[in-house]
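Undergrad: Taken in order, these protein sequences are the chains called A and B.
Read left to right, the first sequence gives residues 1 to 429 (the numbering used here).
Read left to right, the second sequence gives residues 1 to 172 (the numbering used here).
Just so you know, the hints here were simulated from the structure itself, not pulled from any lab data.
One should not assume that every hint holds.
As the list claims (entries may be wrong) - Short, incomplete list of chain A residues facing chain B, as computed with Cβ under 10 angstroms: (1) R8; (2) T92; (3) Y130; (4) E162; (5) A169; (6) R171; (7) Y172; (8) S247; (9) G248; (10) G278; (11) V322; (12) E338.
Built from N, CA and C at the ideal position, the CB exists for glycine as well.
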Amino acid sequence: MSELPLTRNVRPDLSPTDLAAYEANGGYQGLRRAMAELSPADCLQVVKDSKLRGRGGAGFPTGMKWSFVPMDNVSPGHKYLICNADEMEPGTFKDRLLLECDPHQLIEGMILAAYTIGADVAYIFIRAEYLKAAQLLREAIAEAKAKNYLGQDILGSGYHLEMHVHASAGRYICGEETALISSLEGKRANPRAKPPFPQVSGLWGRPTIVNNVETLCNIPHIIERGPEWFGSLGLGEDAGTKLFGVSGRVRHPGCWEMPMGTTIRQILEDRAGGMEEGYQLRGFLPGGGSTDFLVEEHLDLPMEYESIGKAGSRMGTGTMIVLDDRTCPVGFVKNLIEFFAQESCGFCTPCRDGLPWNAQVLDDIEQGRGKPEDMDTLEQHVSYIGAIGNTHCALAPGAMEPLQSALKYFRDDFQRHIDGGACPYRGAH
Amino acid sequence: MSEQLHSVSAAALHLSDAELREIDAEIAHAPYRAAVAIDALKIIQAHRRWVSDDSLEALAAYLEMPAAELEGIATFYNLIFRQPVGENVILVCNSVSCWIKDCEGIRSAVSAQLGIEPGETTADGRFTLLPITCLGACDKAPVMMVGDNKFEDVTVERIPAILEHAEGATPG
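For reference, chain A alone in the conformation it holds in the complex (with noise of 0.2 angstroms):
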């Protein structure tokens, strides 16, 4: 079996490990090594060298994207670090685990990446409703900093950072980078047209990186053991493991690290066990509630952002959401748009107006008023609202994801709601 660094910590009654269970399972060794023998430089570089990928859902390259942050400190003042613990992605469970049964190792993959790029304050922001993780958060990082691996002269590398938990206070477009920006500068969380870009001008107008709870707990051991290490855990062309959960009708849903380039089968029956008794696989969600509905044939496909992009869905966190045949998938999809159209934060006008207009139209159909023209406007509201760049964000775009593919797939059902004048799934649950 290999290796599974992510959660090696985690007990399997989920209570937290604190400094010392911490510590004496390696913890603050890849801290002590970087401090001792790395610079910010060479830190960044074993990260670039790990092909280490944003595990937030649009798995960009982390090293790529510290490397935006300027180094040269010509303009003095702060740079910030921020994690994003807002999981609030429908269908996500993952960071949850992370911080739950494991704080340090987050804390730890944040000093890291704060030295990497020159960080002298960070701050974790997480969603409201996880208030037992933002209690061992603080707990940890008081911890931490009784120890010296936060504060001033860490360890006595002459390296200083501070580091805050921000309780949100609700709003999925939080998750939104530069949402989450707005955010946790007091104000609306709107999100900021790019450029400029968060590396250079982010949280006060100043350098910052924000990266989510899953990517920054990879950081301990990419520094420790080094970027062929993080590779060989994969067993393709991604590197390292990766948390996937599945939930839905299957027997066992849950969370679980394997290695990345699991196939999602394997993720599916082997892990989850396979549908719940009498229900079938129709389809499913592969990486949270803004991915395209994959279907049975997809089924030996590799668990890697190229493979699932190439089948026309995206990795996203990684969580499946299983659609089941005695549930209706208008109803699943209208119960996503809905969902996207409340937490829209009302700045551009395709987002704030054309989410709510779907949907009508969906519930329209599902409650049987549905009108044969009605298929080409949601074709119509695809094409348009999908295309990036008619938002700031990607959260419209993201919205069209599960519609477009459901369109695709399940038509039939669209069509038989319309003709019908009912929905057929009613009182099969």
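Mind docking chain B on chain A? Use the hints.
TA: Only chain B this time, still in chain A's reference frame:
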């Protein structure tokens, strides 16, 4: 400047010492006072359960920002309450993984037991029922929260016990 100082001290009269202490701790590591607007709204809410017009105006003055701007922020976020809520806020997830597992049935069972629809508070002020987006525990759908407590794999049969537990757990 003196006008501003005056409004800050007037605001301090409405807010409690404990609230001011916590807000000041946030201001201590912020580049300007208004930057802590969301933290401060949450602090007030933690003490008073909701943010009244008086609290909002006092806080705006204390943070040296227009009250209208603070209102725009307060109303943007779904977990800042600008209306009174009950002792226990019930959040029933209605996102897709819970929807597949009939969260609507859970929601109607809560409504039936308490006699309130989403957005309403029971007459005795004990419970407010609100919908919530994905709570990040989708492998244990359907999921709900009552106050600070999360409940997983919820069934209609468990609703009475869950609500009773919440009442017992409420301090004071």
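Undergrad: Broken hints, numbered, in rising order?
TA: 1 and 10
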